[in-house]
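Using the sequences and the hints given, assemble the complete structure.
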Amino acid sequence: MTRRLLKRGLFRYVTGVRRAQIGIAGVCLLVFAVLALSPSVRPLLKGVMLAMAAMSSLAFAGRVAGTLRRSGALLDKLGGEVRTSFRVDGEGIRLENPLGVSSVSWRMIEDVWVFDDVWLLFIGKVDYMTIPVEALGVPGASELLRLARLNGRRICGRMRG
Numbered sequence: 316m317t318r319r320l321l322k323r324g325l326f327r328y329v330t331g332v333r334r335a336q337i338g339i340a341g342v343c344l345l346v347f348a349v350l351a352l353s354p355s356v357r358p359l360l361k362g363v364m365l366a367m368a369a370m371s372s373l374a375f376a377g378r379v380a381g382t383l384r385r386s387g388a389l390l391d392k393l394g395g396e397v398r399t400s401f402r403v404d405g406e407g408i409r410l411e412n413p414l415g416v417s418s419v420s421w422r423m424i425e426d427v428w429v430f431d432d433v434w435l436l437f438i439g440k441v442d443y444m445t446i447p448v449e450a451l452g453v454p455g456a457s458e459l460l461r462l463a464r465l466n467g468r469r470i471c472g473r474m475r476g
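So that you can map any letter, position 136 of the sequence shown is 451 in the working numbering, and since no number is skipped, the others follow by simple counting.
Derived from the structure by calculation, the hints contain no laboratory data.
Don't be surprised by glycine CBs; every beta carbon is placed ideally from N, CA and C.
Any given hint might turn out to be false.
Below, a list of computed lysine to any residue pairs in the SDA-like style, where the Cα atoms sit at most 20 Å apart [said to hold, decoys possible]: (1) 322 <-> 377; (2) 322 <-> 468; (3) 322 <-> 431; (4) 440 <-> 379; (5) 440 <-> 375; (6) 322 <-> 441; (7) 440 <-> 467; (8) 392 <-> 318; (9) 361 <-> 343; (10) 322 <-> 396; (11) 392 <-> 414; (12) 392 <-> 321; (13) 440 <-> 396; (14) 392 <-> 317; (15) 440 <-> 468; (16) 361 <-> 348; (17) 440 <-> 428; (18) 322 <-> 380; (19) 322 <-> 447; (20) 322 <-> 378; (21) 322 <-> 397; (22) 322 <-> 382; (23) 440 <-> 429; (24) 440 <-> 378; (25) 392 <-> 320.
Simulated restraints on C-beta separations [as the list claims (entries may be wrong)]: (26) 347 <-> 326: 18 to 28 Å; (27) 363 <-> 452: 51 to 61 Å; (28) 349 <-> 414: 45 to 55 Å; (29) 418 <-> 375: 42 to 52 Å; (30) 394 <-> 466: 20 to 30 Å; (31) 461 <-> 396: 43 to 53 Å; (32) 457 <-> 353: 52 to 62 Å; (33) 397 <-> 351: 38 to 48 Å; (34) 394 <-> 341: 31 to 41 Å.
Written as structure tokens, this is what we have:
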């Protein structure tokens, strides 16, 4: 895993999972802009709306930046790049890297998002695992998709090639 792939995974997560939240924030900012231009809206209400819009935007940006910073710091501790091997079987996915070995069973995985550069495996509603496509290889990627379908997991996107 490299910093570039880490950023790509986070970008895919934010623009996928958080798309609705980003859309709602955009609509709120648009409504704020329209109301702010209206002379009939009281200055106090305009200030409250601006503060709410600013706080939500800063909280979201802070969360994304914090995730990237923590993950980047872990990569830096390990020399800037972490070689992870993945094994996919009927039980789930096994990861092995310098930090240790961990397994995730199919029962824990909810969705598999397939992109050209990274795949995201969602564990529960919020957590996800970033898997670089090159770490899987074509046979591993095909097997992961086959087993995900077999275990009733939702697959979003598609594998090219």
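How the hints compare with the structure:
1. 322 <-> 377: With a Cα-Cα distance of about 15 Å, the restraint between residue 322 and residue 377 holds, given a limit of 20 Å.
2. 322 <-> 468: violated (25 Å)
3. 322 <-> 431: Distance of about 14 Å is within 20 Å: holds.
4. 440 <-> 379: holds (17 Å)
5. 440 <-> 375: Satisfied, since the Cα-Cα distance of roughly 17 Å is no more than 20 Å.
6. 322 <-> 441: Answer holds: residue 322 to residue 441 is near 17 Å, not above 20 Å.
7. 440 <-> 467: holds (16 Å)
8. 392 <-> 318: Cα-Cα ~12 Å, so holds.
9. 361 <-> 343: Roughly 12 Å separates the two Cα atoms, so the pair holds.
10. 322 <-> 396: holds (13 Å)
11. 392 <-> 414: holds (11 Å)
12. 392 <-> 321: Holds: residue 392 and residue 321 sit about 15 Å apart, inside 20 Å.
13. 440 <-> 396: violated (28 Å)
14. 392 <-> 317: holds (12 Å)
15. 440 <-> 468: holds (13 Å)
16. 361 <-> 348: holds (9 Å)
17. 440 <-> 428: Roughly 13 Å between the alpha carbons, so the hint for residue 440 and residue 428 holds.
18. 322 <-> 380: Answer holds: residue 322 to residue 380 is near 10 Å, not above 20 Å.
19. 322 <-> 447: Measuring from Cα to Cα gives roughly 12 Å; hence the hint holds.
20. 322 <-> 378: Holds - the C-alpha atoms of residue 378 and residue 322 are around 14 Å apart, at most 20 Å.
21. 322 <-> 397: holds (14 Å)
22. 322 <-> 382: holds (10 Å)
23. 440 <-> 429: holds (17 Å)
24. 440 <-> 378: Measuring from Cα to Cα gives roughly 17 Å; hence the hint holds.
25. 392 <-> 320: holds (17 Å)
26. 347 <-> 326: 18 to 28 Å: The hint (18 to 28 Å, Cβ to Cβ) holds, given that residue 347 and residue 326 are roughly 26 Å apart.
27. 363 <-> 452: 51 to 61 Å: At 54 Å between Cβs, range holds.
28. 349 <-> 414: 45 to 55 Å: With Cβ atoms ~50 Å apart, the hint holds.
29. 418 <-> 375: 42 to 52 Å: violated (32 Å)
30. 394 <-> 466: 20 to 30 Å: Cβ of residue 394 to Cβ of residue 466: about 35 Å, so the range 20 to 30 Å is violated.
31. 461 <-> 396: 43 to 53 Å: Violated, since residue 461 and residue 396 (Cβ atoms, about 29 Å apart) do not stay within the stated range.
32. 457 <-> 353: 52 to 62 Å: For residue 457 and residue 353 the Cβ distance comes to about 57 Å; the hint holds.
33. 397 <-> 351: 38 to 48 Å: For residue 351 against residue 397, whose Cβ atoms are near 47 Å apart, the range 38 to 48 Å holds.
34. 394 <-> 341: 31 to 41 Å: holds (40 Å)
Of the numbered hints given earlier, the model fails hints 2, 13, 29, 30, 31; all others are met.
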